[in-house]
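The residues making up each chain are set out below.
Protein chains: 2
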Amino acid sequence: MYLTQAIKSNAQQQSEAIATRFGKRTQTWRSFTDRVARLAAGLASLGVRRGDRVAILALNSDRYLEYYYGCYWLGAAVVPMNLRWSPAENAYSLNDSGAQTLFVDDAFLKAMPAILAEAKDVKHFVFTGEGETPEGWHRHDQLIAAHEPAEDAGAGGHDLAGIFYTGGTTGFPKGVMLSHLAIWSSGMAMAFNLGCSSRTNYLHAAPMFHLADGAMSNCVTVAGGSHSFIAAFDPAKVLDAIEQHAVTDVLLVPTMVQMLLNAESYSPARLASLQRVIYGASPMPEGVIRRCLTELPEVGFAQAYGQTELAPLATINPPEQHVLDGPNSQRLRSAGRACACVELKIVGDDGQELPRGQVGEVIVRGPNTMTGYWKLPEQTAATLKNGWVHTGDAAWMDDEGYIYIADRLKDMIISGGENVFSAEVESAISKHPAVREVAVVGIPSEQWGESVHAIIVPHADAKVSEQEIIEHSKGLIAHYKCPRSVEFRGEPLPLSGAGKVLKRDLRAPYWEGRERQVN
Amino acid sequence: MYLTQAIKSNAQQQSEAIATRFGKRTQTWRSFTDRVARLAAGLASLGVRRGDRVAILALNSDRYLEYYYGCYWLGAAVVPMNLRWSPAENAYSLNDSGAQTLFVDDAFLKAMPAILAEAKDVKHFVFTGEGETPEGWHRHDQLIAAHEPAEDAGAGGHDLAGIFYTGGTTGFPKGVMLSHLAIWSSGMAMAFNLGCSSRTNYLHAAPMFHLADGAMSNCVTVAGGSHSFIAAFDPAKVLDAIEQHAVTDVLLVPTMVQMLLNAESYSPARLASLQRVIYGASPMPEGVIRRCLTELPEVGFAQAYGQTELAPLATINPPEQHVLDGPNSQRLRSAGRACACVELKIVGDDGQELPRGQVGEVIVRGPNTMTGYWKLPEQTAATLKNGWVHTGDAAWMDDEGYIYIADRLKDMIISGGENVFSAEVESAISKHPAVREVAVVGIPSEQWGESVHAIIVPHADAKVSEQEIIEHSKGLIAHYKCPRSVEFRGEPLPLSGAGKVLKRDLRAPYWEGRERQVN
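Chains as they are written, first to last, in our numbering: chain A, 1 to 519; chain B, 1001 to 1519.
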C-alpha cells in the first residue's frame, strides 16, 4: 500500500480535483483511482498474480500512469521498456524479466513482429493506444470497463515494485529491482526537498519509462499534485503544453533544456506558469544553465542527481543555490546534496571516506536503494556493498555537503598519468558561442595512453576551427585537460533513451580492436 | 541507518549549525553527531548489543536526544519510561522489556530504590543528570569522553527501534514495538506536511518519553532544524525559553496550551518568534482554540492526531484549516486528514468502510504502523488486523477527508440507548466563561444504563452552579447529551504522563464493584 496510498488519499481528500490531463482528456482523482483499481482487476482476470512482471512499450500518456499504479495495486512488478532499444534489446528485457503480459501503444505496433520473433513467452497483449485494437489483443479501456474495482493487494515494504532496465550507455541491460519502499521513499524525499504540493501541475515530457520521470510521478502524486502529459519530448509541444495546461513543474534532461531554448517557438513569456524546472541525468553545461537563469528569472532550476539503482534520487541542488554571481555561484556546478532519505559519502579505492575536496567515488545508502540486479548476483555484489550503492560516479564534496560530479568513472580520461574529467572539459568548451553540443572522450594515444578528443556540433550558422576551440579551452582550464583533437559534426550527438550522450558509441570507432582500461 | 541518516546529513551539510540548546549549553551538529557515535561506543563497552533494550527515566534535556540517537546508532531499542508512573509500573516496564541498561537523571534518583526493589535485572546504570554520579554508576558525559566514535551499526527497515509503553489511561501498560521504518516515515510525513526546514527551532516542552514529542524529534532532525529543551513543562519556563532561544515551533497538549494562556507571565508579545503550535494527544476545547486564534493571529495552529501504535502520526489539520468564521470554520473541530504516508478509513463493526458523515472506528495502515505489542500476541492480533491498526477512536469523515473525532470508543457514554460522545459535551461546557477545565464521563444509572456526568474545575474567581452548567449545555447540544449531574473541584484534573485527562481514574469511584460495558 506504499505507492497506492497516495492515489487513495487523493481520491479521499480531493476526489474532484484533476489527476491527469492528456490532450483533451482529463480524469479526476476519484476517476483515476477507480480506473486503477479496475485495471488491476482486469490484469488479475488475465492471470496476473502478485509478483508477476508486466511490461510496457509505449509513449507517454495518462494510461501509462494507470499502468504503473494498476500494477502496484495488484502487487505485480512493472517492466517499463526503453523506447530507443533495438528489437533484440526489447526481446531481451521481456525474456529476462519473464513478463507474460505486455502493454503496447500505436507507436510500437510496427516493432512488435521483430520483438516477438525473439520473445515468445508473452501471452497477453494490452493495447494502450488510440487506434484499432489488434486482433486477439485486450484493450486498456475495455479491461477497465469490464471489471469491478479490485481490492488493493496491499503490496509494500520490500515487495518488488518493478524491474527497471538500465542500458544504452553501459553494455547489456541490467534489470534493477526496486521495492515499493525504495520508490516510495525516493518520491517522498523529492516531494519534501522540492516542496511540492497539491498546487503542483507536472508535465511528463521526459520519457515515462525512465525513472527520472518515474520519480516525479510518485513525488507529484504523494504531494497531491496533478499530471499533464505529452506523448514524447518535442520542444514545440512542451511549450504548447505548458501554456495550455498551466504547467508549474517539468523535468528535463539538459539536452532537452537546450533544445527548448533553441526552439523557434520559444519565448520566455510562453513559460509564465512555470515555477520550476528539474533537470538531471547528466550535468548541465554551464553556458546553458547561465542562459536559463538570465532569460527565465522567475523559474526555479533544481538539479536532481541519482541513478536507477537509487530509485533514483541521491541529491538535489535547490533553486536557492542557482545564482550567477557572488561566492555561492560555484554551486551552479554542484549536483546538490544528499536528499532527505539518503546517506552519501565520497570514498577512495579503499572504501574509506575522503577529505572534503578530494575526488572519489560517490556511494549512497538509504531506504531508496535497489534490492539488486535481477538474476545477476555477481553484478549486484559488485555494486551493492554492505548496503551501499556504488554509483560509478567520481565527485568531490564541499564543506556544506554539496557534491560536484567530476565524471562517470568510466568516462574519465587518463592522459599522461593525469585524470581528466570529460565533464569539466565539456563545460569549458560549451562556453564558446559557436558550440551547440559537445562531448569529450578519451581516444588511444601512443604517447599519452589516452588523449582528450572533443566532438562538437556547432550552431547552424557558426564558423569555428579546431585551433580556435583548443585556444578557447586553454583560456579556461589547465593545458593537459584541453582537447588535442577536435571533430565537427552536422547531426546531433547520439543519445540514449534517457537523453544521455552515448559516449560509448562515440568512442567505439577509435578503440576498435583494442581494450580500453576502465577505472 | 534510517534514523541516524538525518543526524549524519546534518553534520555533513551544516556542521557548525546549532543542533541543541539547553539552558546555556549548545551543541553543533558536528559535535552532537560525534557525541552520539561515542555514546554508542560507550554503550557497546557495557555489553549492549544490537536488539538489546536500553531504558531511560529522565526529564527533558539535550542528553535525552543523545540517548535516543545513541541507541539507534548502535541498533539497540529505546525504552523511554513514563515520568508519572508508580515505582511498580516503572519496574514492570523494565522487567517486561528486559532492559539491562538504564539512564537516570537527578530528578529520579530518589525513586530508584523502590523501582529497583522490583526490577532486579538491570545491570548498568548511566547517570544522565547534572549532580554527583552515584557510586558504581557510569556518567553519560564520561561514557562519551572515554570512547572513540563507533561505526553506525546500520540498523533500519523493520529492525526494532524502540518499545514505547502506553498506559495511564488504559489498564496495564503495553509495550508498542516500533521499527526504524515506522518512526522514520512518521517523522518524514510530519516534516513534509508541516513544511519544516532548517529554519525550524523546536522547543521540547512536552515530555520526551512520549511519542507526541518523539515524533517532533525526528521530524525536526530530518528537516535539519534545531532542538531547544526545557526540563519539564511549566508555563512560565515555556514563555522564557521561547523568548530566549527564539523558538519557532512547539508541540503542546491542549491542557498545556490552556495553562500557557492562563499563566501570569503570558502576553502575546512574548511569543513573537513563534510560528507554529502543534497540538495533539487530545482534542482542543473549542473555547481554547478560539482564544488562541484571536490572541495569536501570527501563529499557525496545527493539530496532529495519532497514537503510539502509529509512531505516532495519523492525521494533520494544518493552520490553513484553523479559521474562526465562514464555511470552513467547522474544520476547527477536525483532527485533520491522513498525512503523507498514511491510509485511513472509518469502518463499522463489520470492518467495512462507512459512508462519509457516519461515526465509526478509525483504522490506519502505512509504513508507520507498529510491529506489534511486545510479547502480547493476542492484544496485537486484536489491534493490528490485516495490517490495519484499529485505533479505538470513534470519528466521522467529511467530503474532503477531514476526520472529526467523536470520542475514544471506551469513553463514549451509552445513555438510554443513545451514544453520547464525551468530547462533544466537554466542548460545549468549555464555552462557559467560568469553566477552566472539564471532563465528562459516564456513571452508572438505574434508569439510563449510564448517565452523563461532568467534572469541572472553575476559574479561581468564578462562581457557577450545577444548574447553570446544565442550562448552558442545553443551549448548545441535544438534551440527552447534557450532563445530568455536575461536580466542581478545586484542584486540577488528574493527567497521564502525556497530559491526557485520566478518565479511568475519574470514573473509578462511581463504578466500584461493577463492570462497565466498554464498546
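It is worth saying that the hints were derived from the structure and are not from the lab.
Keep in mind that a hint or two might mislead.
Once the Cα atoms are required to be at most 30 Å apart in a straight line, the calculated DSS-like pairs of lysine-lysine come out as [as the list claims (entries may be wrong)]:
| no. | chain 1 | residue 1 | chain 2 | residue 2 |
| --- | --- | --- | --- | --- |
| 1 | A | 410 | A | 120 |
| 2 | A | 8 | B | 1385 |
| 3 | B | 1345 | A | 8 |
| 4 | A | 24 | A | 8 |
| 5 | B | 1008 | B | 1024 |
| 6 | B | 1375 | B | 1500 |
| 7 | A | 375 | A | 410 |
| 8 | A | 385 | B | 1008 |
| 9 | A | 110 | A | 120 |
| 10 | B | 1123 | B | 1110 |
| 11 | B | 1110 | A | 345 |
| 12 | A | 24 | A | 375 |
In silico contact screen, one side only, chain B against chain A (beta carbon under 10 Å); selected entries [claimed, not checked]:
| no. | residue |
| --- | --- |
| 13 | 1005 |
| 14 | 1149 |
| 15 | 1152 |
| 16 | 1184 |
| 17 | 1185 |
| 18 | 1222 |
| 19 | 1345 |
| 20 | 1400 |
| 21 | 1409 |
| 22 | 1412 |
| 23 | 1460 |
| 24 | 1464 |
Reference excerpt, derived from the structure (chain A facing chain B, CB under 8 Å, subset only) [said to hold, decoys possible]:
| no. | residue |
| --- | --- |
| 25 | 13 |
| 26 | 14 |
| 27 | 44 |
| 28 | 47 |
| 29 | 137 |
| 30 | 191 |
| 31 | 233 |
| 32 | 337 |
| 33 | 338 |
| 34 | 387 |
Backbone N, C-alpha and C fix where the C-beta goes; we use that ideal spot for every residue, glycine too.
Do the hints match the structure? See the list:
Proximity of residue 410 of chain A to residue 120 of chain A is assessed by CA-CA distance (about 35 Å); at most 30 Å being required, the pair is judged violated. Restraint check for residue 8 of chain A and residue 1385 of chain B: satisfied, since their Cα atoms lie roughly 19 Å apart, inside the 30 Å limit. For the hint linking residue 1345 of chain B to residue 8 of chain A, the alpha-carbon distance of about 10 Å falls within 30 Å, and the restraint holds. Restraint check: the Cα-Cα separation between residue 24 of chain A and residue 8 of chain A comes to about 24 Å, which is no more than 30 Å; the hinted pair holds.
Of the supplied pair hints, the one linking residue 1008 of chain B and residue 1024 of chain B holds, its CA atoms being roughly 24 Å apart against a limit of 30 Å. Only pairs whose Cα atoms come within 30 Å are accepted, and residue 1375 of chain B paired with residue 1500 of chain B is accepted, the gap being roughly 26 Å. The hinted pair formed by residue 375 of chain A and residue 410 of chain A meets the criterion: a straight-line CA distance of about 24 Å does not exceed 30 Å. Of the pairs offered as hints, the one joining residue 385 of chain A and residue 1008 of chain B holds, with about 19 Å between alpha carbons and a cut-off of 30 Å not exceeded.
Between residue 110 of chain A and residue 120 of chain A, the direct Cα distance comes to roughly 17 Å. Compliance with the 30 Å bound is thereby established for this hinted pair. Taken as a hint, the residue 1123 of chain B and residue 1110 of chain B pair is honoured in the structure, with Cα atoms around 18 Å apart against an allowance of 30 Å. As the CA atoms of residue 1110 of chain B and residue 345 of chain A are separated by approximately 46 Å, the hinted pair breaks the 30 Å bound. With a C-alpha separation of about 42 Å, the suggested pairing of residue 24 of chain A with residue 375 of chain A is violated against the 30 Å cut-off.
Annotation: interface hint on residue 1005 of chain B holds; nearest CB of chain A at approximately 5 Å, less than 10 Å. The interface hint given for residue 1149 of chain B is violated, since its Cβ lies 12 Å from the closest Cβ of chain A, which is over the 10 Å cut-off. Because the closest C-beta pair between residue 1152 of chain B and chain A is about 9 Å apart, less than 10 Å, the hint holds. A distance limit of 10 Å between C-beta atoms decides the matter here; for residue 1184 of chain B the minimum to chain A is near 8 Å, and the interface restraint holds.
For residue 1185 of chain B, the interface hint holds, the least distance from its beta-carbon to any beta-carbon of chain A being 8 Å, beneath 10 Å. Given the 10 Å rule on beta carbons, the hint for residue 1222 of chain B holds: about 6 Å separates it from the nearest Cβ of chain A. Because the closest C-beta pair between residue 1345 of chain B and chain A is about 9 Å apart, less than 10 Å, the hint holds. Hint status for residue 1400 of chain B: holds, given a least beta-carbon distance of 6 Å to chain A, under 10 Å.
Interface restraint check for residue 1409 of chain B: the shortest CB-CB distance to chain A comes to about 22 Å, outside 10 Å, so the restraint is violated. Proximity of residue 1412 of chain B to chain A is violated relative to the hint, the smallest CB-CB distance being about 25 Å (cut-off 10 Å). With 10 Å as the threshold, the beta carbon of residue 1460 of chain B stays out of range of chain A, its nearest partner Cβ sitting at about 44 Å, so the hint is violated. Interface hint at residue 1464 of chain B: violated, since its Cβ lies 42 Å from the closest Cβ of chain A, which is beyond the 10 Å cut-off.
Interface restraint check: residue 13 of chain A against chain B, minimum CB-CB distance 4 Å, threshold 8 Å, status holds. Interface hint status for residue 14 of chain A: upheld, as the beta-carbon distance to the closest one in chain B is roughly 7 Å, under 8 Å. For residue 44 of chain A, the interface hint is violated, the least distance from its beta-carbon to any beta-carbon of chain B being 19 Å, above 8 Å. Taking 8 Å as the C-beta cut-off, the interface hint given for residue 47 of chain A is violated, the closest approach to chain B being about 25 Å.
A hinted interface residue such as residue 137 of chain A counts as satisfied when its beta carbon comes closer than 8 Å to some beta carbon of chain B; here the least separation is about 34 Å, so the hint is violated. For the restraint placing residue 191 of chain A at the interface with chain B, the shortest Cβ-Cβ distance is roughly 6 Å, inside the 8 Å limit, so the hint holds. The interface hint given for residue 233 of chain A is broken, as the beta carbon of that residue sits about 30 Å from the closest beta carbon of chain B, more than 8 Å. Interface restraint check: residue 337 of chain A against chain B, minimum CB-CB distance 5 Å, threshold 8 Å, status holds.
Taking 8 Å as the C-beta cut-off, the interface hint given for residue 338 of chain A holds, the closest approach to chain B being about 5 Å. Given the 8 Å rule on beta carbons, the hint for residue 387 of chain A holds: about 6 Å separates it from the nearest Cβ of chain B.
Consistency note: the structure conflicts with the earlier hints numbered 1, 11, 12, 14, 21, 22, 23, 24, 27, 28, 29, 31.
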